[in-house]
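Chemist: Read off the chains here:
There are 4 protein chains.
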Amino acid sequence: MTERTVKLHSELAYSVDTPTTILLQVAAMHTSRQFISDELLTVNPSTPVDFLQTGPLGNRASRLILQPGATVIHYSATATLEPKEPYDGNLFELDYTELPADVLPYLNPSRYCESDKLYKFATDLFGNMNRGYDRVSKITDWVYNSLAYTPGSTGPSTTACDVLLQRTGVCRDFAHVSIALCRALGIPARYVSGYAVNLNPPDFHGFFEAFLGGDWILFDATKLAPVSGFVRIGAGRDAADVAFATLIGQATLTSMTVQAIDPNQKIDDARNEVISTA
Amino acid sequence: MTERTVKLHSELAYSVDTPTTILLQVAAMHTSRQFISDELLTVNPSTPVDFLQTGPLGNRASRLILQPGATVIHYSATATLEPKEPYDGNLFELDYTELPADVLPYLNPSRYCESDKLYKFATDLFGNMNRGYDRVSKITDWVYNSLAYTPGSTGPSTTACDVLLQRTGVCRDFAHVSIALCRALGIPARYVSGYAVNLNPPDFHGFFEAFLGGDWILFDATKLAPVSGFVRIGAGRDAADVAFATLIGQATLTSMTVQAIDPNQKIDDARNEVISTA
Amino acid sequence: MTERTVKLHSELAYSVDTPTTILLQVAAMHTSRQFISDELLTVNPSTPVDFLQTGPLGNRASRLILQPGATVIHYSATATLEPKEPYDGNLFELDYTELPADVLPYLNPSRYCESDKLYKFATDLFGNMNRGYDRVSKITDWVYNSLAYTPGSTGPSTTACDVLLQRTGVCRDFAHVSIALCRALGIPARYVSGYAVNLNPPDFHGFFEAFLGGDWILFDATKLAPVSGFVRIGAGRDAADVAFATLIGQATLTSMTVQAIDPNQKIDDARNEVISTA
Amino acid sequence: MTERTVKLHSELAYSVDTPTTILLQVAAMHTSRQFISDELLTVNPSTPVDFLQTGPLGNRASRLILQPGATVIHYSATATLEPKEPYDGNLFELDYTELPADVLPYLNPSRYCESDKLYKFATDLFGNMNRGYDRVSKITDWVYNSLAYTPGSTGPSTTACDVLLQRTGVCRDFAHVSIALCRALGIPARYVSGYAVNLNPPDFHGFFEAFLGGDWILFDATKLAPVSGFVRIGAGRDAADVAFATLIGQATLTSMTVQAIDPNQKIDDARNEVISTA
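Protein sequences appear in the order of chains A, U, Y and F. By full-length UniProt numbering, the letter at position 260 of the first sequence is numbered 260, and the numbering carries on one by one without gaps. By full-length UniProt numbering, the letter at position 34 of the second sequence is numbered 34, and the numbering carries on one by one without gaps. By full-length UniProt numbering, the letter at position 123 of the third sequence is numbered 123, and the numbering carries on one by one without gaps. By full-length UniProt numbering, the letter at position 63 of the fourth sequence is numbered 63, and the numbering carries on one by one without gaps.
Chain A with its partners taken away, still in its complex shape (with noise of 0.2 Å):
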């Protein structure tokens, strides 16, 4: 697969009135499948800033006291992917028996994804099957087609349950139901918060791996982005360990920006590919 190149910018202003911690999750994780380079994280005023690996999958966090008035985090890097393409005609689903033990934990159900009450939901729809890549990509293409994209219809506290019944969310909800469908149907399955190429308006996005043929294959129920131009910044079980931004106390956000640019434009608009980063 050809190496790609994607330019990432964030930058976040925040005014305060008392000093107020900050953990940040906006840097672009290394793996063996990502390369990070030219980073740099800027805070203006100057701030002492303590970066953190947080969880089991060492997410790159930044622990920041923001100080009385305003302050400008600006984060940058450029990102080379090289991902894995998996696709053999062979991303099955593990038997519980085979599945790694790191694994295991994302079968379990979680504050945003109530697996445990969609068995038969999950099996009625999706139980029949076949199973693999397959499968999980009907689930996508369920979701996507099930629910409307509507920016304000949910909040921090809604879970993939109370989606399922409303039938509206936004990225963070499309991928907490499908992790949700996912996991109730012993697919282990996990969310992970990046930088998007081509996603418009640009923002920070969220997405879902499930556990295919022993790697985390990428997907995106929004259909809103191309997956080959995902950057992960973290993964975790759903989008309360990847908060973009994790506020001790009150804080007011004057202003974001994000962009996740493709300088030599290499990331068409296929919404299909399968795609391994992790």
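If you're looking for bench data, these hints aren't it; they were derived computationally from the structure. Bear in mind the structure is a predicted one, so any value in this text is a computation, not a measurement. We put the CB at the ideal spot given by N, CA and C, even for glycine. It is possible that part of the hints are untrue.
Claimed, not checked - Now the in silico label distances, taken between C-beta atoms and shown as ranges: (1) T252/F x N128/U: 41 to 47 Å; (2) Y149/F x T80/Y: 53 to 59 Å; (3) G249/A x A70/F: 41 to 47 Å.
Unchecked claim - Selected chain Y positions facing chain A (in silico; Cβ < 7 Å): (4) K117; (5) K120; (6) F121; (7) C161.
To be verified - Simulated crosslink set (DSS-like; lysine-lysine; CA at most 30 Å straight-line): (8) K138/A x K120/Y; (9) K120/A x K138/Y; (10) K120/A x K120/Y; (11) K223/F x K120/U; (12) K84/U x K7/U; (13) K266/F x K138/F.
Guided by the hints, dock chains U, Y and F onto chain A, whose structure is given.
Modeler: Just chains U, Y and F now, kept in the frame of chain A:
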């Protein structure tokens, strides 16, 4: 602190019609404060067992396939406990800026601990208290006093919010409510499964840990057994991570025996010791 | 339409430790299309009974105080049904502007029928169908095909939204889901409790009515018994209004018998008759 | 008790693109203790209005079709209040066996008042108190003290249980929680919508009634206005029954004015009067 010895036995008998995979989490964990010896896991009829370490904390799990008919799984071990008795008047809550990275995920809401819905609830009740061990102890007391311990009153999908309304539950529910309240206050908290000396009737037990003074400190909101007699099996975000048995298919649990005995009777019924065995 | 006769019997035996009030709703309703004769309510040992009409529809209720020990309550009656067979190809849905005032409350969400959460769900599934009897019939079919009838799978607090996720329930749940979907589409719908000929095993039954063509038309999403053999006890917004027995205190139901027999066997098993007995 | 006069005005301006039906419930109710005179409902541009009485309590409603463009609906009336002041130290709770039949439905759970989930919660908090007016007053105080009044913190699907967890809400939520707790204790309770003198900022208001001493007694858990200045529009099981405006389709509320003025300033700010106007 004096060393304590606890003899552990558990026996689970299952009956299945077709080959059925089971993941058991009944073996005691090795930690620097909990030594496990004379360990024996027998499966009758003899069955291959796949020993795993699951999750970021290295919970021990045994995966096997129950064959049609009856299977009896017996586990026994001796646990020597040398818990750190950490209380020196200084079991403080760490500020968010000081928390170690690996502890941060235990502030996130999880399937059964919806701390994101309880910020005001927790703050109204416990926000003005002195921070630290005393506050978590008061949370534990409040849970103990507010909930009725009623076997059968909750099920596998019951959450902390459900229990805060219905005000009845079992050990896992007492732990989930305590964890959710801690997290809502900014105190990392996690679920611990294990054996408990002097628990009546004998059973596996669910308790919780709060991160205080840099240690994971044990609490039991049910006050059904002394924390100094707890032997940990595993820990996780909530009960979803440490189910004693996860069945992939249908099985009947035909009998279950659990024992945790201190042969020297060193463990008395003091319910308020301050213990860390993590 | 030919007259039908149904012999009704029910017997409830309770045991209480202290005097306990009970409200029974087991007596068949008098309507212009349902004549009740030979009615007998006996309580053994003999107990004063307070006969009430509850709710705006005049549901009949019997209120009595169970004395310590055992009490047997027997009800029997003969119902002569002369249902209007309203179907003439014109069982239309009325526009909101044409609905009679007393029908409007049956568009409101109720405890077990959260229609306010299901506008998009209902519209996606049924919004483009021809309005009228056929649409409600298709809703009924969808509920029948989507839910498993599983005794014990739900409880007294289970709602339509719960059931739409778990996809199992009993007669009251099938009715609640149907009602919620109808209301979400602007079709007034209400819950009906009653006796049902040829129901196996015999029991009280819950079905529902939709307001079509100016009549309340009977439907049964469980398809467990022919609607032409339904004898109504009462109607309400949902099952909360027509519980067979409401107990103010603790009582043990030691036995229960319910019978609805057509001595002339005029009622066959046709499941799709169009009937109104309101 | 001295007569009180309240001048009522409300004005709602809507804009629609296509003909859109609206049901308004803004006209004050006629009761033996609340006389309505000088009543005027004007719609500009002139539109036919269908006057209805909905529900078992005879709530007054106006149904009309908004034509494309802007419509202004103005209501004004004079309400003369001669409330019964029922408190003579004997506003007792009736035993279930003594409750009138038409009151029983107000013990049932409703969409926004899930009393069936709160038996233990309500009993733990209020079970040992003296029954009667004082107990309901203490429930009202508890709700007032436990919830923050926060405009925008809840939405049209928010229920009493939601609010008991999040501990914020608006007038309808304060009423719903109070109603749910009353019903859980066996006290019939219902929702009342209306106008309120001295409410700041002026708006329609939601309060509740408990059935005590054979009367429906007014309470306001928000304590935002004196109950002696309440003018009832309608009552129902919860807010679902008495929405000020029900729209069948899309409309924009472009402005809204509500006024309730006592020209003689007889109504002071005493918040604890005991009043019945049902």
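Chemist: Checking against the hints above, which ones are violated?
Modeler: When the structure is compared with the hints, none of them turns out to be violated.
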